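*Asks:* First to last, the protein sequences are chains A and B. In the numbering used here, each residue carries its 1-based index in the first sequence increased by 14. In the numbering used here, each residue carries its 1-based index in the second sequence increased by 212.
Rather than coming from a laboratory, the hints here were simulated on the basis of the structure. Since the model is a prediction, treat every value here as computed from it, not as a measurement. Misleading hints may appear alongside valid ones.
Covered stretches of chain B, going by a simulated chain A footprint (3 or more residues, C-beta under 8 angstroms) [what the hints assert, rightly or not]:
hint, region
1, 273-283
2, 317-323
3, 343-350
4, 357-371
Here are some, though not all, of the chain B residues that point toward chain A, as calculated from beta-carbon distances under 8 angstroms [unchecked claim]:
hint, residue
5, A232
6, V258
7, F327
8, M334
9, L353
10, A354
Non-contacting residues of chain B with respect to chain A, defined by C-beta distances greater than 12 angstroms in every case (computed) [what the hints assert, rightly or not]:
hint, residue
11, R248
12, A406
13, Q412
14, Q491
15, L647
Ideal Cβ placement from N, Cα and C applies to all residues, glycine included.
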Amino acid sequence: MIVQTLCFYLFAAVMVASAVMVISARNPVHSVLYLILAFFNAAGLFVLIGAEFLAMILVVVYVGAVAVLFLFVVMMLDVNVAELRQGFLQYLPIGGLIGLILLVELVMVAGFVITAPEVGEAVARVPMPPPEQVTNTEALGRVLYTDYVYLFQASGLVLLVAMIGAIVLTLRQREGVRRQVIAAQIARKRSEAIEVKDVPSGSGI
Amino acid sequence: MDTASLTTSLIAALPEVFLACAGIFILMVGVFSGARATHTAMLLSVAALVGALVLVLFGPSRAAFAFNDLFVNDGFGDFMKIVVLGAAALTLIISFGYIRREQLDRFEYPVLLVFAVVGMLMMISANDLISLYVGLELQSLALYVVAAFRRDTLRSSEAGLKYFLLGALSSGMMLYGMSLVYGFTGTTSFTVLADHFAGQAAAGQELWLGALVGLVFVVAGLAFKISAVPFHMWTPDVYEGAPTSVTAFFAAAPKVAAMALVVRVLMGPFGAWVEQWQQIVVFVSIASMLLGALAAIQQTNIKRLMAYSSIGHVGYALVGLAAGTEAGIRGVAIYMAIYVLMTIGTFACILCMRQKERMVEGIDDLKGLSKTHPLMALALAIFMFSMAGIPPMAGFFGKIYVFLPAIEAGLYALAVIGVLTSVVACYYYLRIVKLMYFDEPAEGFDRPVGREVGAVIAGTAVLVLFFFVAPGPLVDGAAAAADAFFAVAG
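Start from the sequences, fold in the hints, and give me the full structure.
*Replies:* Right, here's the structure in full:
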């Protein structure tokens, strides 16, 4: 139990610290790297509460795809940090206000959970398998591939259409591009590639 | 879900499964066949749509509920699916020549349209808020891409971007509404929601305010998809900017699917709360009819004119829904089927508007068409008379079948406004007829118009003109659709 508590504080502290660094780092590439660190620590927190599937998804999707995409974008764009920071103080009041509203709402939610726990029970009507018997990956897989297989397949079609659409709208057949044709390279014969000349001594070709 | 119930479910969704597999197959054929890829893919897509249509009509008997009640089959769904599949197949057929001439011939075009139709069928058969949303997104995503399909022109890209941004906004609104409905009822299933609300109404309780707000948001999101006022802003720009064959597709199949979805959501889960959503539908309907009639008057571009005309037609179809009765739903089904016929015929004519190998879109280019292309002028005149609602064309009967239930339901003001706006709308429909028959000919259009386009124009014109001879099949089919729907919902 003490190990769990220690781990929780470790992950939470590193996560908060790296989240602060995301918005305060001078170099945008560093910001993205801190974001990845924050994701990893969030995944650790998920593992601690027994949601190992969410933890894996967080690492695979957010670190593996989204953050790497961010990294590419940030490295390709020439971001001028000094220019970006000019409006910081100007936007501070409205940003602070939004943060304050979020904080109040969080406190209210926590207050409801503590003072009136029956509100949460009303929502949780869906029968769930006992957590001791199945892992949550298995539980999710069981409903995803049985009860919701229709939606699962339909989502697959949506993604296929998205992929076709992206290719249709961006792929261009350009003229004059030299592509590597491996078959042609391998099929090349000595007779096609070189020519043997008999060079008489004392003169050029 | 065990193997047996999975098999039943797959058979229940056979048209959708077939069409989705066909879409993937056509994609592969397109990738691996070289220069003629587009032509092959177009032919295969039409064949796939017709195949799905045959499966809906003559396929094995399908279970009512499938996939853990996420999917529903009923007479209403079958009727709407037949209309959607027929409309999609016809719009693909009339765009054969267009995409070849306009350098749009990439095989992804028919593939995306096939996937859009899969999404529409899923929307029509949705029995859950989540399956509704997934079907809607599948349809919308494919349509965003085809709107921007001519990516090198500014207008097409603008149309795609505008459609995408506003579509994402409306999806967001709808999701927000769904989350409220789910939060207040604890379920997303239409069946459970309908039972829940019916019980609540029977016990004389008020509808929860949160669920009501959710309903309003869902209706707002759906109103965007059928481009009803006040969520119509995107329609004229997208219709004008998108390639004409895409516009023809937009005006036909997605409209029917979205309208079917509106009917299913409002009459299904929220069927017990007619008086709550009736006022919204009445307002949207009146606003759409007024805007469709008034804003179209000053248009000079025929695609923009058709956009405003389609907004007006959505308003008329909603009149039937506002009645909220079985006859009203029958009216909506009949109206949408007739609307699709007229629209496809008109767009087939618009796709023939070429001068010197270039597409023209001005209404003035139609001047004197009766002298240069007498048959096409006759067909277009039939469509315009029908859209204006002049007897004995089909459009007149469509309007009767939506206005009568509204009067029976006591919505006199709505019916009177509907009749008045259709008189105003006559002005711009008949102006096209006047331009074609009484003005001096401008430069004629290029020949030949293409055999398949000519066949579609002739076929739809004959159907629209002689609908009154045998209205039986359509009216009976629509009545069965509304009846089956009420049996399931009630």
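*Asks:* Take the hints in turn and mark each one as holding or not.
*Replies:* Hints, one by one, checked against the model:
1. 273-283: holds (count 5)
2. 317-323: Check passed, 3 qualifying residues.
3. 343-350: holds (count 5)
4. 357-371: holds (count 4)
5. A232: holds, 6 angstroms
6. V258: This hint is violated: B:V258 lies away from chain A, its Cβ roughly 19 angstroms from the closest one there, beyond 8 angstroms.
7. F327: Holds. Min distance 5 angstroms.
8. M334: The hint holds - B:M334 has a Cβ within 8 angstroms of chain A, the shortest such distance being about 6 angstroms.
9. L353: holds, 5 angstroms
10. A354: holds, 5 angstroms
11. R248: Holds: least Cβ distance 16 angstroms, greater than 12 angstroms.
12. A406: holds, 18 angstroms
13. Q412: holds, 16 angstroms
14. Q491: holds, 31 angstroms
15. L647: Label holds. Min Cβ-Cβ 37 angstroms, cutoff 12 angstroms.
Checked against the numbered hints given earlier, this structure breaks only hint 6.
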